[in-house]
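Chains A and B are the protein sequences, given in the same order.
So the first sequence is numbered by the UniProt record's numbering: it starts at 1 and just counts up by one.
So the second sequence is numbered by the UniProt record's numbering: it starts at 1 and just counts up by one.
One thing to keep in mind: the hints can contain errors.
[Unchecked claim] Simulated coverage check for chain A against chain B, where a stretch passes if three residues somewhere in it have a Cβ under 8 Å from a Cβ of chain B:
id, region
1, 74-80
2, 169-178
3, 586-598
[What the hints assert, rightly or not] Quick list of simulated restraints, FRET-style, between CB atoms:
id, chain 1, residue 1, chain 2, residue 2, range
4, A, Gln604, B, Asp519, 43 to 53 Å
5, B, Ser335, A, Thr558, 25 to 35 Å
6, B, Ala323, A, Gly493, 29 to 39 Å
7, A, Pro578, B, Arg134, 31 to 41 Å
8, B, Pro578, A, Gln604, 45 to 55 Å
9, B, Glu161, A, Asp327, 51 to 61 Å
10, B, Ser335, A, Gly493, 22 to 32 Å
11, A, Thr558, B, Arg427, 51 to 61 Å
12, A, Asp152, B, Ser335, 35 to 45 Å
13, B, Lys459, A, Ser224, 47 to 57 Å
14, B, Ser312, A, Arg625, 12 to 22 Å
15, A, Cys540, B, Ser312, 55 to 65 Å
16, B, Gly353, A, Gly493, 41 to 51 Å
17, A, Thr595, B, Ser608, 50 to 60 Å
Treat the hints as calculated values from the structure; they're not laboratory data.
Yeah, the Cβ is synthetic: ideal placement off N, Cα and C, and Gly gets one too.
There are 2 protein chains.
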Amino acid sequence: MWEIAYFSPGFASPLAYQPFLLYLRDTTEVEAAGWLENCMSQRSRRQPNMNLGKGNMAAPSSQSCTALERSIRERVPTLLTDLYQFTMAYAYWRSGRHNEPAVFELFFRDNPFGGGFSLFSGMHDCLLFLRSFRFTDEDVEYLRSVLPPATDPAFFLFLRELDCSGVTLHSVPEGTVVFARVPLMEVSGPLAVVQLLETSLLCLVNYASLVCSNAARFRLAAGSRRKLLEMGLRRAQGPDGGLTASRYTYVGGEERHTHTCKDTHIYIYIYIYTVSFRLSGFDMTSNVQAGFLFGIPVAGTMAHSYVTSFSSLEEVWPQTLVAANGDHDNIDLISLTKGWLGRVCELLGAESGQIHEGELAAFLSYAIAYPHNFLPVIDSYSVTCSGLLNFCAVALSLFELDYSPLGVRLDSGDLCRQSVEVRHVFRLCSEQFSIPAFQSLLIVGTNNISEYSMAELNKKENEIDVVGVGTHLVTCTRQPSLGCVYKLVEVRGSPRMKFSEDPEKSTVPGRKAVYRMLDTEGHPFLDLLCLCEEPAPKACVAVRCHPVVGNKTCQSITPSQVSCLRLEVYTKGQITQPLCSTAETREKVQSSIQTLHPRHKRLQEPDSYIVAVSEKLHHLIAEIRKGSSNNSNFLLAN
Amino acid sequence: MWEIAYFSPGFASPLAYQPFLLYLRDTTEVEAAGWLENCMSQRSRRQPNMNLGKGNMAAPSSQSCTALERSIRERVPTLLTDLYQFTMAYAYWRSGRHNEPAVFELFFRDNPFGGGFSLFSGMHDCLLFLRSFRFTDEDVEYLRSVLPPATDPAFFLFLRELDCSGVTLHSVPEGTVVFARVPLMEVSGPLAVVQLLETSLLCLVNYASLVCSNAARFRLAAGSRRKLLEMGLRRAQGPDGGLTASRYTYVGGEERHTHTCKDTHIYIYIYIYTVSFRLSGFDMTSNVQAGFLFGIPVAGTMAHSYVTSFSSLEEVWPQTLVAANGDHDNIDLISLTKGWLGRVCELLGAESGQIHEGELAAFLSYAIAYPHNFLPVIDSYSVTCSGLLNFCAVALSLFELDYSPLGVRLDSGDLCRQSVEVRHVFRLCSEQFSIPAFQSLLIVGTNNISEYSMAELNKKENEIDVVGVGTHLVTCTRQPSLGCVYKLVEVRGSPRMKFSEDPEKSTVPGRKAVYRMLDTEGHPFLDLLCLCEEPAPKACVAVRCHPVVGNKTCQSITPSQVSCLRLEVYTKGQITQPLCSTAETREKVQSSIQTLHPRHKRLQEPDSYIVAVSEKLHHLIAEIRKGSSNNSNFLLAN
């Protein structure tokens, strides 16, 4: 007796999972174990050790780099930043201030998509970026060519020697539910260096958090019943936009539930790393590179071009298939299927006049190549007049040979209506030909799905089991940017604040600790920003605070539990917390979203979550504002 | 007498250009020539030879790779594609069809942003991708782990040997104005290979074309007077989203005009490559890596954090500056500026009570580091009560020492109103202190600028010279995806067509030639899709055609000129057209947009451009549709 290893390539979803199950059905335990071991060793070669903590140097040799770290270095070269970071760094260096201890905070000002929360992502990439942060000779030569000619040449020597060994990063853990205005990262270190990091850190966090939050909304809209396939690479904003989307849409989401599979003869389950059975976020991606780099399950069968590339049954080769049940005779699949097609037309009272020979040839050819993975797209010509009939005929042939076809994909038109018609035909075939599994074949829908149309699926009658989402998910059409900012809050131990002409662009000064307050049911209800030196609030002890937006009057709250929201994750050139795998981060997202009260998770008009500052911080802000309005004594001094 | 080399780093815009000019003012011609030569040799080291045509192998050795080609390989690994490309490739291979000659077309279905045109971009990256297309052993091992275990092992050997030496690409030139439904690329070659290319080509063209078109709209909205700075990296969809945006927003746009600079003493102009004086698209980027890879002018001075990092004049060091006029005495800039600040307050009747000492310290420190490049952000506290007063004082000191400050940046609040106030103060200072240049200092505006707010700048009174655009430009908030598709149109010389449940998702079958028809004024007015074998339409000869959307009835048109829209750009493993530099592509965009009639360029409700098929192609479509409704004779055969 075995159970399926969900983490294995192609194993996390029924789409890829069912055929393997059937493949294993007639395999000995020893054979199955060998194959699984092979899968796992390949996986562990790709991701040798995700714990890159203590003992690693600030800039490790290329030999010790994982594919992931290489990928970050390639995708985020150190010059991928704004020019003004260098002009400012030079001005700091020129005035001898470059090593002054400074503290920046990273946060966003509004929860995205009009929602009540966001998911924090991209931090792991930031850590890898910090660790490999170095300027090459070529970088420095380029900078020399773009900075003004009067720039002191010694500055370029300074840049050449720079690394992040003096930087410390405190951060909310990857995959945590977070809210607008909460400082998610605190970056402290030498003024010039932490300034130089701004653009790269923002770029890494902004889109990762946005698309992860978008995936969570799609999952909330879809509910837990349906499987979700991310397939947006071709429509993404650049190659890396696609890669980042595939990664973080897999991470995003909630709705844990235990998956049980139907018709399981041998059920293989090996629990490795911390991956579990909870299905959440997106379940799989079409993006092969994302599978390669992050171990995300990949899925996909065929495009319309495959179907339209066939025009006649003569193109089917080989034309025979050996039955799965161990009978080694070659069966002529074309003749067999023609017979089934006649019976299907008879059963459904369908005209055979519009059935496409090329489409049938494509289905047969694919079924012969992948008899365990048959899931064709059936709308290349007409679902009801051709695609569905051809599918049923081929599927019946496969059932006859003891294979289990997977299902169909619908890629145009009214998906709900068509899925109901398709299921109806599946049920008729199931009854007529006494094949119980036929009625529960998968129906995959892919046609410009938005969060809105996803939510509609729960309101309209439909039979769609798996939804593929591309453009609206990966480009976040409702709001394509999160708007994270990176603001200076302290220099040499002294708090700093920007006022700005827009009041909402003012910053909250000072080095802070961030606490999350939980109510008696374990739901977080308020995030409190305190000054670092303040004692931590305690459970069951009232604390006074001032919300940062809306009603800003002082209130007293009493938490049942208090947790510190941020951890030190990088210091002295070393990553100080284990880097989670993509699957572990997905777990983290699930548990974090699960504790959130449903009123904050509503997709439309959610209740606002309160973010507040402590009394002491409130007074500091008032003091700085007051001080700033009487600031010109310096004019009198000489 | 010299003229400025616009292509040189930091030379393409007044922002970076003015200080260099002034720097050169007191430089001998020999010194200036030496410095320029240095700039150019650095540039040519980075982009050794953009003409990578004949004589280059399909997969050149890494030694001969340019930084650009390396960048493409790193950003677009061959596995960055959808899984179904591999499952289809296997099915083709399994049935022996993988080498059948096939033709795919790439196009989009609707012009983006509700506009009348788009700009075609990303083709050069496609060429580099084709040339380096190879699977590594590691890639193939990964594929082996995700494809079903029954996959024939010989297929993986086939993949390992695959390259694009059998692929031919015909394409519209990079930077051409294009329209919905016109096949922009024709990819022909072995069925399995051209199928495998789908996702990567789409990913490279989709966003590049979208963001280039968006930049063109921003430029059309801005008019030609203002300079445009792209600064969206931190808000882009992933690091590569930012890089791609910086590149193609520079490319996109029109409005050629000759730039003349004011107060020019020495005017250096060296004409190298094909870069000229025409200012168009975006003029510069904040993204340093984009400057490094693509030679785009980079710009930027300081963030609010620089300002808020200073709290007192004691932090200014050194406190002295040598005058630009050759007088070698060190001048105490703090004392000098305090004096000017008093006079400015007196002139403007301003209270000194809210002037921030830290802000003045920041401005002084920056001016001492970069006396030729002084352009601070002046809204960290209050523009009118602090920032503007501090700026004027420092600028007056610089003028006194014979430097020319550049101007100011406004980053919050009502930019139009503030710019008018700032210009008013500049004029007062100019008159009061007899400094003509003071009134024409630059005003840079950056505050969440959209296409709409850009257009508003032309309606409301304002004095903004340079506009910085981030989020709305790079993420294309109005429509974050172009929706390009890649469709099979021919296999083994036989046309293929998809019908689909959505009529607009039907494809146009057959291998085509695409002609652009020009009217008597040289404006394109119709793109005609013909079958390859048809004779080309001739100038001044009537031709009958059928529009592909809208009124589809036959019409007769007589072009004054006819041009063939696509070229062969890649065949037998070689790039067959010179790869243009980013600046050359920018030129191409300009000339292409300029020929377009204004009625198609209107940002709101433009006239539709007609795309039509020839009579012969129209008949082919009708035949295929007819044939498809009587397709089931195969059921009778055995």
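Taking the hints in turn, this is what the structure says about them:
| no. | hint | verdict |
| --- | --- | --- |
| 1 | 74-80 | holds (count 6) |
| 2 | 169-178 | violated (count 0) |
| 3 | 586-598 | violated (count 0) |
| 4 | A:Gln604 / B:Asp519: 43 to 53 Å | holds, 51 Å |
| 5 | B:Ser335 / A:Thr558: 25 to 35 Å | violated, 57 Å |
| 6 | B:Ala323 / A:Gly493: 29 to 39 Å | holds, 37 Å |
| 7 | A:Pro578 / B:Arg134: 31 to 41 Å | holds, 35 Å |
| 8 | B:Pro578 / A:Gln604: 45 to 55 Å | holds, 54 Å |
| 9 | B:Glu161 / A:Asp327: 51 to 61 Å | violated, 36 Å |
| 10 | B:Ser335 / A:Gly493: 22 to 32 Å | holds, 29 Å |
| 11 | A:Thr558 / B:Arg427: 51 to 61 Å | holds, 60 Å |
| 12 | A:Asp152 / B:Ser335: 35 to 45 Å | violated, 24 Å |
| 13 | B:Lys459 / A:Ser224: 47 to 57 Å | holds, 51 Å |
| 14 | B:Ser312 / A:Arg625: 12 to 22 Å | holds, 18 Å |
| 15 | A:Cys540 / B:Ser312: 55 to 65 Å | violated, 44 Å |
| 16 | B:Gly353 / A:Gly493: 41 to 51 Å | violated, 27 Å |
| 17 | A:Thr595 / B:Ser608: 50 to 60 Å | holds, 53 Å |
When the structure is compared with the earlier hints, violations turn up for hints 2, 3, 5, 9, 12, 15 and 16 and for no others.
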